[in-house]
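*Asks:* Residue strings, one per chain:
Protein chains: 2
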Amino acid sequence: MESATYTDDTTSGHLPEIRSLVDRLRQGEVRALSRAISLVENDAPQARAILSACFPFTGRALRIGITGAPGAGKSTLVDRLVRHYRTLRRTVAVVAIDPTSPFTGGAILGDRIRFQEHLSAGSSGSDPGFYARSMATRGSLGGLALATADVALVMEASGRDVILIETVGVGQDEIEIARLADITLVVLVPGMGDDIQSLKAGVMEIADIFVINKSDREGTDRVEQEIRTLQSLVSASAAWTPPVVRTTATTGEGIDALAAAIAETEKWMRGEDRLAERRARHWQRRLEAMLRSELMRHARRNGLAEEKLHEYAARIASGQDDPWKLVGRLAENLLAGETPDSAPNPK
Amino acid sequence: MESATYTDDTTSGHLPEIRSLVDRLRQGEVRALSRAISLVENDAPQARAILSACFPFTGRALRIGITGAPGAGKSTLVDRLVRHYRTLRRTVAVVAIDPTSPFTGGAILGDRIRFQEHLSAGSSGSDPGFYARSMATRGSLGGLALATADVALVMEASGRDVILIETVGVGQDEIEIARLADITLVVLVPGMGDDIQSLKAGVMEIADIFVINKSDREGTDRVEQEIRTLQSLVSASAAWTPPVVRTTATTGEGIDALAAAIAETEKWMRGEDRLAERRARHWQRRLEAMLRSELMRHARRNGLAEEKLHEYAARIASGQDDPWKLVGRLAENLLAGETPDSAPNPK
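Line by line, the protein sequences are chains Z and F.
Under our numbering, think of the first position of the first sequence as 1, with each following residue one higher.
Under our numbering, think of the first position of the second sequence as 348, with each following residue one higher.
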């Protein structure tokens, strides 16, 4: 049976190159960081060796997720938080997976320039303590959450103190991405009547802090009231009642209070191993996803290449083969170390 | 090595019961249909045997996906399409996976009553030719698309002519769900400025028909213009240029034109094996997902139970173990028929 070891079979030739790349990104070389992220995001053959090499240098950064409906002003809020942390001399990286975000919509370079302009306004150049990256919203099912987690890990290894992860809180994917954060902010705005309702599905579960942005608008009290009502229904017995913070990201109003709430939440999270427990849960889901993908990789190497799958799929689509029976047979053969071709002829 | 065969090991005791259930749902018994769907949705031990028993009775229904931003009026549109097809005496089932849909928000029973009321207004009772079901938006990554496909399959086996699948076109999950349809309608509305922009990511790829709903509002021409512009950029060489249909679902305006566009698209899809090819592509993705999940099922039975994964995850979270090396070892052992416990001690 072919070895399923992660790095040895596919990347042994790349190892010195990978070490040098990781060394350089750890020394703060932006080009090395960007290249490592691209390799990881595209699941290049070197990806896992890079991640493995980055892993020992992670675990210290605080990962903050920012999620909410489109139009809630998440990007502006992220912008403000970046400025806040940079003023405190903390290094920051942003990963945006929000299809409605101007960061994600444009080219990666475009984003970075936009961000840089904000930060270097009045100064002479770009800020080496800040780095931003957009993620594509494509990819295989579940692949986006995994890729985001990987990108965040490389960012962490580059020595960032704070990683901000911006996403739209609608689909399951986005909730899964929010879960990779240590602290998740759920951003709401007044006047979007069905906002809380529409986010309800997963939102009470993932919110560590509620942010009411655009709180200069009418209806702020009502939104807060709705949050409190939902909280009293859902989390009466919860150990942590998420604070509600009002902001107006466009003017910067409330950002200090938000940062204070984040700091307080972080303190609570770090107490009594709560952060460790959350990270363990995150790693458990990630481990499962990694294992699933590794097993499929093995399957592809062992006769279940694209064309073979397509052939099976065409048989199923035309009613010639039962997919459940077929999958049972394929799995059985794979696990017995045989190639799928050695399966008895379907039906 | 334990057998990985799908039905034999876990459900042999259930088989007569399952056959009876599928017989009854095929005869139009709503309670049997509901029960089968629940078992399948919850991935009960009998689920795969039920799906396998339903499979031979599928392939004839037309599956129409309806996707678009929250507030685009998708539910009302679905409602109108249901009435349209019922008037033509075609049987219909709806599966709604839209977290902002009133159908999904409420209880399943609530939905069905709401739907039934619409349909039986003025008549004496409920309509046996119509069935609606909501899906929860929870579940494991990628699980929702798979579960929706399974539910649609059971609905098909119950002899429905048309399956409508309503979803919010934002996340990757939703795009994946839209892909299980034969024909996908993308619903837009005028006046939601960034609508097309925000949907852009996957939308041009999945749209077979564009619907501009609420087209009595100002800005309809502009939305259509934007669609045409995007089309000219993206799909100049495409074999099919998705038609653009204007509707006002609240009044029923444009529904006949929409149904005509659907019929024309269906005719084109059925020509030259285009439908068969699309369904084969769908089955290929589904087959992969099924195989992934079957391999994980095997892993869980062979020492990678929840607690074990949690133990590994805690080690990773505290930096004691490298996840990439660990996954490589776990996969190798699983595929060699050993339990993960026989792995050499990490590090």
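Simulated from the structure, these hints should not be mistaken for lab results.
Worth double-checking, as some hints may not be accurate.
[Said to hold, decoys possible] Okay, derived cross-link-like pairs now, DMTMM-like style, lysine to aspartate or glutamate, Cα gap no bigger than 20 Å in a straight line:
hint: 1; chain 1: Z; residue 1: K308; chain 2: Z; residue 2: D321
hint: 2; chain 1: F; residue 1: K672; chain 2: Z; residue 2: E332
hint: 3; chain 1: Z; residue 1: K308; chain 2: Z; residue 2: E277
hint: 4; chain 1: F; residue 1: K672; chain 2: Z; residue 2: D321
hint: 5; chain 1: F; residue 1: K655; chain 2: F; residue 2: E624
hint: 6; chain 1: F; residue 1: K672; chain 2: Z; residue 2: E17
hint: 7; chain 1: Z; residue 1: K325; chain 2: F; residue 2: E364
hint: 8; chain 1: Z; residue 1: K308; chain 2: F; residue 2: E635
[Claimed, not checked] On the chain F side, residues computed to face chain Z include the following (Cβ under 10 Å):
hint: 9; residue: P392
hint: 10; residue: R430
hint: 11; residue: I602
hint: 12; residue: M616
hint: 13; residue: E619
hint: 14; residue: A623
hint: 15; residue: S640
hint: 16; residue: D669
hint: 17; residue: P670
We treat Cβ as the ideally placed atom computed from N, Cα and C, and that holds for glycine.
*Asks:* Using the nearest Cβ pair, does E619 of chain F come within less than 10 Å of chain Z?
*Replies:* This hint is violated: E619 of chain F lies away from chain Z, its Cβ roughly 15 Å from the closest one there, beyond 10 Å.
*Asks:* Measure nothing beyond the straight line between the CA atoms of K308 of chain Z and E277 of chain Z; if it is 20 Å or shorter, mark the hint as holding.
*Replies:* Given that 20 Å is the threshold and the Cα spacing comes to 42 Å, the pair is violated.
*Asks:* K672 of chain F and E332 of chain Z were given as a pair; does the straight-line alpha-carbon distance stay at or below 20 Å?
*Replies:* 25 Å, violated
*Asks:* Hey, K308 of chain Z versus E635 of chain F, does the alpha-carbon distance stay inside 20 Å?
*Replies:* With a Cα-Cα distance of about 11 Å, the restraint between K308 of chain Z and E635 of chain F holds, given a limit of 20 Å.
*Asks:* Can you verify the interface hint for I602 of chain F: is its Cβ closer than 10 Å to any Cβ in chain Z?
*Replies:* 24 Å, violated
*Asks:* Check the hint pairing K308 of chain Z with D321 of chain Z against an upper bound of 20 Å on the C-alpha distance.
*Replies:* 14 Å, holds
*Asks:* Does the closest beta carbon of chain Z sit nearer than 10 Å to the beta carbon of M616 of chain F?
*Replies:* 13 Å, violated
*Asks:* Hint validation: S640 of chain F versus chain Z, beta carbon distance must be below 10 Å. Holds or violated?
*Replies:* 8 Å, holds
*Asks:* Using Cβ atoms only, decide whether A623 of chain F comes closer than 10 Å to chain Z, and label the hint accordingly.
*Replies:* Holds. Min distance 6 Å.
*Asks:* Measure nothing beyond the straight line between the CA atoms of K655 of chain F and E624 of chain F; if it is 20 Å or shorter, mark the hint as holding.
*Replies:* 42 Å, violated
*Asks:* Just to be careful, I want the Cα atoms of K672 of chain F and E17 of chain Z compared with a cutoff of 20 Å; is the pair within it?
*Replies:* With a Cα-Cα distance of about 19 Å, the restraint between K672 of chain F and E17 of chain Z holds, given a limit of 20 Å.
*Asks:* Could you check if D669 of chain F really has its C-beta closer than 10 Å to a C-beta on chain Z?
*Replies:* Constraint on D669 of chain F satisfied, holds at 5 Å.
Hint check: violations occur at hints 2, 3, 4, 5, 9, 10, 11, 12 and 13; the rest are consistent with the structure.
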